[in-house]
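So the sequences go chain by chain: A and B. Residue numbering for the first sequence follows my numbering, starting at 68 and increasing by one per position. Residue numbering for the second sequence follows my numbering, starting at 253 and increasing by one per position.
Please keep in mind that the hints were generated in silico from the structure rather than gathered at the bench. Take these hints with a grain of salt, some might be off.
Heads up, simulated DSS-like pairs for lysine-lysine below, C-alpha to C-alpha not over 27 Å straight-line [what the hints assert, rightly or not]: (1) A:Lys149 <-> B:Lys306; (2) A:Lys303 <-> A:Lys339; (3) A:Lys239 <-> B:Lys344; (4) B:Lys306 <-> A:Lys231; (5) B:Lys360 <-> A:Lys239.
Chain by chain, the residues:
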Amino acid sequence: MGFPQKSHPRETTVLSKHFGDPDARTLAGWRNRGGYRALEQTLAMEPAAIVQMVKESGLRGRGGAGFPTGVKWSFMKPGDGKPHYLCCNADESEPGTFKDREIMRWTPHALVEGCAIGAYAIGAETAYVYIRGEFTEPLERMTEAVREAYAEGILGRNALGSGKRIDVYVHKGAGAYICGEETALMNSLEGRRGNPRIKPPFPATAGVFGQPTTINNVETLVAVPHIINNGAEWYKAMCLGNAKSTGTKLYSVCGNVRRPGNYEVVMGFPFKEFLYDLCGGPPAGRRFKAIIPGGSSVPIQTIAEAEATVMDYEGFVACGTMLGSGGVICIDDAQCMVKQIARLARFYAHESCAQCTQCREGTAWTTKIMERIEAGQGTAGDLDTLLDIADNMTAKTICVLSDSCAVPVVSGIQKFRDEFEAHIVQHRCPFRPATAAAVAA
Amino acid sequence: MSAPAGGPSAGPRLTALDRAPRADAHERDENYQPVFVNARRKELDELLTRYPTKMAALLPALWIVQEERGWVSEPAMAEVAAVLGLTPAYVKGVVTFYTMYHQHPVGKYFVQVCTTSPCNVCGAEDVVRAFLKQTGASDLGATSPDGRFTVIEVECLGACGFATPVMINNEFLESVSADRVPSIVGALK
Numbered sequence: 068m069g070f071p072q073k074s075h076p077r078e079t080t081v082l083s084k085h086f087g088d089p090d091a092r093t094l095a096g097w098r099n100r101g102g103y104r105a106l107e108q109t110l111a112m113e114p115a116a117i118v119q120m121v122k123e124s125g126l127r128g129r130g131g132a133g134f135p136t137g138v139k140w141s142f143m144k145p146g147d148g149k150p151h152y153l154c155c156n157a158d159e160s161e162p163g164t165f166k167d168r169e170i171m172r173w174t175p176h177a178l179v180e181g182c183a184i185g186a187y188a189i190g191a192e193t194a195y196v197y198i199r200g201e202f203t204e205p206l207e208r209m210t211e212a213v214r215e216a217y218a219e220g221i222l223g224r225n226a227l228g229s230g231k232r233i234d235v236y237v238h239k240g241a242g243a244y245i246c247g248e249e250t251a252l253m254n255s256l257e258g259r260r261g262n263p264r265i266k267p268p269f270p271a272t273a274g275v276f277g278q279p280t281t282i283n284n285v286e287t288l289v290a291v292p293h294i295i296n297n298g299a300e301w302y303k304a305m306c307l308g309n310a311k312s313t314g315t316k317l318y319s320v321c322g323n324v325r326r327p328g329n330y331e332v333v334m335g336f337p338f339k340e341f342l343y344d345l346c347g348g349p350p351a352g353r354r355f356k357a358i359i360p361g362g363s364s365v366p367i368q369t370i371a372e373a374e375a376t377v378m379d380y381e382g383f384v385a386c387g388t389m390l391g392s393g394g395v396i397c398i399d400d401a402q403c404m405v406k407q408i409a410r411l412a413r414f415y416a417h418e419s420c421a422q423c424t425q426c427r428e429g430t431a432w433t434t435k436i437m438e439r440i441e442a443g444q445g446t447a448g449d450l451d452t453l454l455d456i457a458d459n460m461t462a463k464t465i466c467v468l469s470d471s472c473a474v475p476v477v478s479g480i481q482k483f484r485d486e487f488e489a490h491i492v493q494h495r496c497p498f499r500p501a502t503a504a505a506v507a508a
Numbered sequence: 253m254s255a256p257a258g259g260p261s262a263g264p265r266l267t268a269l270d271r272a273p274r275a276d277a278h279e280r281d282e283n284y285q286p287v288f289v290n291a292r293r294k295e296l297d298e299l300l301t302r303y304p305t306k307m308a309a310l311l312p313a314l315w316i317v318q319e320e321r322g323w324v325s326e327p328a329m330a331e332v333a334a335v336l337g338l339t340p341a342y343v344k345g346v347v348t349f350y351t352m353y354h355q356h357p358v359g360k361y362f363v364q365v366c367t368t369s370p371c372n373v374c375g376a377e378d379v380v381r382a383f384l385k386q387t388g389a390s391d392l393g394a395t396s397p398d399g400r401f402t403v404i405e406v407e408c409l410g411a412c413g414f415a416t417p418v419m420i421n422n423e424f425l426e427s428v429s430a431d432r433v434p435s436i437v438g439a440l441k
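Input sequences plus hints: build the corresponding full structure.
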């Protein structure tokens, strides 16, 4: 459902079916809704069979990269004599994205079950759920769900009486966007500063505590029990044409839009109908100007580009952007693109871990120049300088935070150059009423 | 760069740290009472069973300190270092990386207003201005003269569809508009 809105008939609610229903939060309520049947079934299966099933379903990572989940799991070599770990990335911090928050608030047991199945499938006895520190309610709900699951013998040394050990622990972050990057998350979990690590080695070889590790997003893991219960074919069938993108996807819709909230649709849904029918279009009297469809790190689309987009991994790429995390930021014609891109640059400057020079310096200088232009103090050479800085920030650093700062700047200048130039020529923001002082000058 | 008109986020942003009295003035080593005794020690011991290394309990241990004391002082960092077998310098390095650990005392109510783009286009800067006005905090990061309120802008709180989300200590408020601010602040006083 488009929580907090009412469910729209064109949604396909698999993961979000119980959003808004407090009874689904409790263990008893969750069991009444079919909870933990999938875990019971998987504990009687060979781990390799589970991995194969997830591979066949076509499920891809929902955190942003879209890597096939079953393939990722198959990198974990059974019988290597090393402890394996599962990390659930619940550090949801990508501006525009708030789907994992709702999953954990309303259906915490779905994530406990997903973690338990994932851990068993990759040969791990321990799963850590790394939740960002600001998510006070999701932290409470997850802690309570884990407590209930231990009390009922679902987790622990003899999970559901199977003789297999599965521990799930909730780990609270402390305020750092970068800890959503998988290697930074592992460093943070180990009690270090959240600096991303150079890859290789990849996590499946040497991850958290130096051991083989798989990191999955919340939404990815909660899809797994449904695949177990209904079969890979059922999951694969949820797609409107493109067999490379399967299943349902939760989109968080925010910004200047009539009905903000979470919406779940099958892969391949038309973006135009999504924006206008499901989400209600722009606020009264306004028009959409730009859409950032996959969280703030993906290229900005003009509304014309967005209206032509098919909502799946390949569809967004074909229209110049990416599905990313599914955080749809709507920007209407009353907003100043320069101001909003400057604000995004400031976000990345604040969140840079500062270990790579290109990122530390690049995000800071981009922010200074963007804010200078927005304040009417830009110069004719500023756009070239910004593009030059962006070039030096792209594909040159340990992680992609640096690239993510360059993306809105480059796509913004490409698609809304007239707004940038108006600021520079008029020496003020054209979206802001002229002040008396400016008029006098 | 002079601060242009148009709102709190347009000017240079102060963090709470910029205006803080030095930590040592508030909690000197000789007066320091350890945090990890009795129930808190037990809690830490239970946490240590979850991880293969002691160091992994560092973030949880710092959270316990902040729950107990309201902030993480240098003597507290030294205590955490001692119980986890780390150096105080290492612990300080970690504390300073994460924005949620306070390195100095803050107001009784620590107000964090999200102003990142999705909230920004929905009027988050008006919400910040309203909080500054209602609490009497003179500027971002400054504590109000009565010591009750510290107001900061925070980067994306991950509740963009509920613009503008505001955190007051551990309370997470959704869909806060500027006109709701007086009643929110009034209820706290």
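Honestly, which of those hints from before does the structure not fit?
none
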